[in-house]
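Go by the hints and put chain B onto chain A.
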Amino acid sequence: MKLDFFFQLLMSGLTRGSIYALIALGYTMVYGIVKLINFAHGEIYMIGAFTALIVSGVLSMYGMNPVFIFLIAITAAIIYSAAYGVTLEKIAYAPLRKAPRLSALISAIGMSMFLQNYVLLAQTSDFLPFPELLPEFGFLDPVKFIISTNQFLILVTTTVVMVLLTFFIKFSRTGKAMRATSQDRDMAQLVGININKVISITFVIGSALAAIGGVLISSHIGQINFYIGFIAGIKAFVAAVLGGIGSIPGAVLGSFVLGITESFGTGYISSDYEDAFAFVILIVILIFKPSGLLGRKVSEKV
Amino acid sequence: MFNLKELRKSFLTSLWFMFLTFPIMVIKVNTITDTVEWRWRNLAFVGVSAFILSFVWRWALDRRAKGGKAKKDGIGFKATVLAKTNQYKLPGLIGIGLLVAILPFFASMYTTSVLTTALMYVILGLGLNVVVGLGGLLHLGYAAFYAVGAYTYALLHYHFGISFWVALPLGALFSAVLGLLIGFPVLRLRGDYLAIVTLAFGEITRLVLENWNDFSFGPSGIANIARPGIAGIKMKLPQATIFIYFIAIAMVILTIFLVNRLENSRVGRAWEAMREDEIASQAMGIDLTKTKLLAFSIGAVWAGFVGVLFAAKTTFINPASFTVWESIVVLCVVVIGGMGSIPGVVVGALVFTLLPELLRSVSEYRMLVFGITLVIMMIFRPGGLIQKTRKSYKFKKEGDGE
Numbered sequence: 001m002k003l004d005f006f007f008q009l010l011m012s013g014l015t016r017g018s019i020y021a022l023i024a025l026g027y028t029m030v031y032g033i034v035k036l037i038n039f040a041h042g043e044i045y046m047i048g049a050f051t052a053l054i055v056s057g058v059l060s061m062y063g064m065n066p067v068f069i070f071l072i073a074i075t076a077a078i079i080y081s082a083a084y085g086v087t088l089e090k091i092a093y094a095p096l097r098k099a100p101r102l103s104a105l106i107s108a109i110g111m112s113m114f115l116q117n118y119v120l121l122a123q124t125s126d127f128l129p130f131p132e133l134l135p136e137f138g139f140l141d142p143v144k145f146i147i148s149t150n151q152f153l154i155l156v157t158t159t160v161v162m163v164l165l166t167f168f169i170k171f172s173r174t175g176k177a178m179r180a181t182s183q184d185r186d187m188a189q190l191v192g193i194n195i196n197k198v199i200s201i202t203f204v205i206g207s208a209l210a211a212i213g214g215v216l217i218s219s220h221i222g223q224i225n226f227y228i229g230f231i232a233g234i235k236a237f238v239a240a241v242l243g244g245i246g247s248i249p250g251a252v253l254g255s256f257v258l259g260i261t262e263s264f265g266t267g268y269i270s271s272d273y274e275d276a277f278a279f280v281i282l283i284v285i286l287i288f289k290p291s292g293l294l295g296r297k298v299s300e301k302v
Numbered sequence: 001m002f003n004l005k006e007l008r009k010s011f012l013t014s015l016w017f018m019f020l021t022f023p024i025m026v027i028k029v030n031t032i033t034d035t036v037e038w039r040w041r042n043l044a045f046v047g048v049s050a051f052i053l054s055f056v057w058r059w060a061l062d063r064r065a066k067g068g069k070a071k072k073d074g075i076g077f078k079a080t081v082l083a084k085t086n087q088y089k090l091p092g093l094i095g096i097g098l099l100v101a102i103l104p105f106f107a108s109m110y111t112t113s114v115l116t117t118a119l120m121y122v123i124l125g126l127g128l129n130v131v132v133g134l135g136g137l138l139h140l141g142y143a144a145f146y147a148v149g150a151y152t153y154a155l156l157h158y159h160f161g162i163s164f165w166v167a168l169p170l171g172a173l174f175s176a177v178l179g180l181l182i183g184f185p186v187l188r189l190r191g192d193y194l195a196i197v198t199l200a201f202g203e204i205t206r207l208v209l210e211n212w213n214d215f216s217f218g219p220s221g222i223a224n225i226a227r228p229g230i231a232g233i234k235m236k237l238p239q240a241t242i243f244i245y246f247i248a249i250a251m252v253i254l255t256i257f258l259v260n261r262l263e264n265s266r267v268g269r270a271w272e273a274m275r276e277d278e279i280a281s282q283a284m285g286i287d288l289t290k291t292k293l294l295a296f297s298i299g300a301v302w303a304g305f306v307g308v309l310f311a312a313k314t315t316f317i318n319p320a321s322f323t324v325w326e327s328i329v330v331l332c333v334v335v336i337g338g339m340g341s342i343p344g345v346v347v348g349a350l351v352f353t354l355l356p357e358l359l360r361s362v363s364e365y366r367m368l369v370f371g372i373t374l375v376i377m378m379i380f381r382p383g384g385l386i387q388k389t390r391k392s393y394k395f396k397k398e399g400d401g402e
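Protein chains in written order, with my numbering: chain A, 1 to 302; chain B, 1 to 402.
Just so you know, not all the hints are guaranteed correct.
[What the hints assert, rightly or not] Think about it this way: if two alpha-carbon atoms lie no more than 30 Å apart in a straight line, the pair counts; the simulated DSSO-like pairs of lysine-lysine are:
(1) A:LYS144 / A:LYS170
(2) A:LYS98 / B:LYS66
(3) A:LYS90 / A:LYS35
(4) B:LYS9 / A:LYS90
(5) A:LYS144 / A:LYS90
(6) A:LYS289 / B:LYS290
(7) A:LYS98 / A:LYS197
(8) B:LYS89 / B:LYS290
(9) A:LYS176 / A:LYS98
(10) A:LYS98 / A:LYS170
(11) A:LYS35 / A:LYS176
(12) A:LYS35 / B:LYS66
(13) A:LYS35 / B:LYS290
(14) A:LYS289 / A:LYS176
(15) A:LYS144 / A:LYS2
(16) B:LYS5 / A:LYS90
(17) B:LYS394 / A:LYS90
(18) B:LYS396 / A:LYS197
(19) A:LYS98 / B:LYS89
(20) B:LYS5 / B:LYS89
(21) B:LYS397 / B:LYS89
(22) B:LYS5 / A:LYS197
(23) A:LYS90 / A:LYS197
(24) A:LYS176 / A:LYS197
(25) B:LYS89 / B:LYS394
(26) A:LYS98 / B:LYS5
(27) B:LYS396 / A:LYS90
(28) A:LYS197 / B:LYS66
(29) A:LYS289 / A:LYS170
(30) A:LYS144 / A:LYS35
In case anyone wonders, no lab produced these hints; they're calculated from the structure.
One chain only, chain A, in its complex shape:
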């Protein structure tokens, strides 16, 4: 029985970690390329979840197959989140590329407020129930008490997405351009990389990942409101910093460390301090490794 509890916590930690990872990747990729904390990233995730909810709400009225609805909804969420991400960059960040970092941060905070209230006003401030679209997987029955269908789906999707992303960044032309840009923007421009395109693509990928995370976790938890983006965004940002911001494997590692710590913390210590565990582990790790777990140590030129 005790072992079951342990495994339950482990699974829930891994699930949390996966979702954090999907969001944190957006943070870390954007940070790597434009050196900006995209504070509105959580809002993009929220908009993804809302789009999926709206689309599936409309489609289910026509009595479609739930699995189809789910697929269409998640596609719509990805498209819309990506569109919002790119627009966000064009409006709020592109004009500030040469401005001090703090200006861009405040602009991002402003955008975050704007998007939250935009959804609040256009939709509602209440929690909306997220439709249950996916059937229970039969083959999970024997281990049902440890891992639910949704959790399984989250883990599988995240793994697949991570593998694809790794291949994309490592081997594709665009991926190489992205890495070059994050190393040295001016130099990348000199060798013929279109920086604006690279930045747009980064926002598209980051936002799409956040949308996937948003839809998956919403269908796992079962309800959403306009505020879900903020706390998820902060946690994911903590995860990205934990792993060393700007580093992609770092974000994934940081997310899992964070997810598992939170899960075991709430399970074995106290559920009151659920949110505090994330922050405590962040502080502890940064005290000993100021640039995160896998972050590069930046030596400063004088």
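Frame of chain A, contents of chain B only:
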């Protein structure tokens, strides 16, 4: 300007925004009753406004690109100049002083209370300005210090019946100590790492206050905190409101005086050197550890003062008043007003607290407008309302009296 190319651009922008806002603005699903509401009017509204705004946007960006720094006709520039001319300083100050002194006797209690809040933000802004504007340390957990001040008074009053005047220095002291405690572990961190860790400290403080019921009475907070009195006189609510207003005024004056002195002191110059370049300042013999810790704890002192005042003003506090947003609002006050500039921060705080009050009739859209204003401000006037001019020293020739 209204040639075909521009029209086409705006048309495409308008189409893009119609596509973008379609699901969220147009469709409203009720998943419980399974009904869908289609709001096509919103779509038309988005289309038309995006079409017009895209013209304005491109015109503004164009102007910014052309104008560069030589823009001398803007209101902001005039304000910056005005703030520096000595000619109007004395009469201006006297005028403002008189207005401020008689205002509460004519204005309603509500107005006085709102003004007191505005003054509290002035002090908070000036305090954070020490950390962010002078020291260049991006601090996102300022609300924690504010909370420490408020809880110091509330708890000491609850348990020992301590008066406001005793709590005031104590709140500041505890706040400064917390500033030191937070300062130590983050000494090695820079920039964004520092920002997130201070945010983490702020949130931990709030979570502890929320969950440690035996100590802080949890989310239900502490009520019946005494308003400040003087010489044992019992004041009714209207008098007390005015009295608190004057305490706030006195504190603002004291803060401005002290911050002004600090800025030109040895420590102030060390902060500015540290902000510009940590390594270079270290090479010039500045003790970074000491300087940073001083910035954190001196910044915290003001938050502690305001916290005590806040508890005394509202007579009720709970952890919900000290969220990340509170820290962010204070940061916005500093940045919008003009980092490092004292008149800037004062104006920023007043604008930030009074404007929402004026917009109360459209209060639903308040935060929406607020958010977009931040973005526009940062793009078109990144230095804040009243920009700080960099300090420059001139060598004076002998006998060249100035």
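Hints, verified against the model:
1. Between LYS144 of chain A and LYS170 of chain A the alpha-carbon distance is near 37 Å, which puts this suggested pair outside the 30 Å criterion.
2. The straight-line distance between the Cα atoms of LYS98 of chain A and LYS66 of chain B is roughly 16 Å, inside the 30 Å bound, and the hint therefore holds.
3. Distance check on the hinted pair: LYS90 of chain A and LYS35 of chain A sit about 16 Å apart at the alpha-carbon level, within 30 Å; holds.
4. A threshold of 30 Å between alpha carbons decides the hint, and for LYS9 of chain B with LYS90 of chain A the separation of about 15 Å falls inside it, so the pair holds.
5. Proximity of LYS144 of chain A to LYS90 of chain A is assessed by CA-CA distance (about 46 Å); at most 30 Å being required, the pair is judged violated.
6. With a CA separation close to 22 Å, the supplied pair LYS289 of chain A and LYS290 of chain B stays within the 30 Å bound.
7. In summary, the hint linking LYS98 of chain A to LYS197 of chain A is supported, as the alpha carbons are separated by about 17 Å, within the 30 Å threshold.
8. Distance hint between LYS89 of chain B and LYS290 of chain B is unfulfilled; the C-alpha atoms sit about 36 Å from each other, more than 30 Å.
9. As the CA atoms of LYS176 of chain A and LYS98 of chain A are separated by approximately 24 Å, the hinted pair is consistent with the 30 Å bound.
10. Distance hint between LYS98 of chain A and LYS170 of chain A is fulfilled; the C-alpha atoms sit about 28 Å from each other, no more than 30 Å.
11. A distance of roughly 18 Å separates the Cα atoms of LYS35 of chain A and LYS176 of chain A; the hinted pair therefore holds under the 30 Å criterion.
12. Our distance criterion of 30 Å between C-alpha atoms is met by LYS35 of chain A and LYS66 of chain B, whose separation comes to about 26 Å.
13. For a cut-off of 30 Å, the pair hint linking LYS35 of chain A to LYS290 of chain B stands: about 29 Å separates their Cα positions.
14. Proximity of LYS289 of chain A to LYS176 of chain A is assessed by CA-CA distance (about 28 Å); at most 30 Å being required, the pair is judged to hold.
15. Taking the CA atoms of LYS144 of chain A and LYS2 of chain A, the gap is near 16 Å; set against the 30 Å cutoff, the hint holds.
16. With a C-alpha separation of about 20 Å, the suggested pair LYS5 of chain B and LYS90 of chain A falls inside the 30 Å cut-off, and the hint holds.
17. For the given pair, LYS394 of chain B sits about 43 Å from LYS90 of chain A by alpha-carbon distance, which is inconsistent with the 30 Å threshold.
18. With a CA separation close to 53 Å, the supplied pair LYS396 of chain B and LYS197 of chain A exceeds the 30 Å bound.
19. With a C-alpha separation of about 35 Å, the suggested pair LYS98 of chain A and LYS89 of chain B falls outside the 30 Å cut-off, and the hint is violated.
20. Between LYS5 of chain B and LYS89 of chain B the alpha-carbon distance is near 50 Å, which puts this suggested pair outside the 30 Å criterion.
21. With a C-alpha separation of about 27 Å, the suggested pairing of LYS397 of chain B with LYS89 of chain B holds against the 30 Å cut-off.
22. Distance hint between LYS5 of chain B and LYS197 of chain A is fulfilled; the C-alpha atoms sit about 22 Å from each other, no more than 30 Å.
23. The suggested pairing of LYS90 of chain A with LYS197 of chain A holds, with an alpha-carbon distance near 11 Å, which does not exceed 30 Å.
24. For the suggested pair LYS176 of chain A and LYS197 of chain A, the alpha carbons sit about 13 Å apart, so the restraint of at most 30 Å is met.
25. Taking the CA atoms of LYS89 of chain B and LYS394 of chain B, the gap is near 23 Å; set against the 30 Å cutoff, the hint holds.
26. Between the alpha carbons of LYS98 of chain A and LYS5 of chain B the distance comes to roughly 28 Å, so the proposed pair stays at or under 30 Å and holds.
27. Straight-line distance between C-alpha atoms of LYS396 of chain B and LYS90 of chain A comes to about 49 Å, which puts the hinted pair past the 30 Å bound.
28. At roughly 25 Å between alpha-carbon atoms, LYS197 of chain A and LYS66 of chain B fall within 30 Å of each other, so this suggested pair holds.
29. The suggested pairing of LYS289 of chain A with LYS170 of chain A holds, with an alpha-carbon distance near 27 Å, which does not exceed 30 Å.
30. Taking the CA atoms of LYS144 of chain A and LYS35 of chain A, the gap is near 43 Å; set against the 30 Å cutoff, the hint is violated.
Of the numbered hints given earlier, the model fails hints 1, 5, 8, 17, 18, 19, 20, 27, 30; all others are met.
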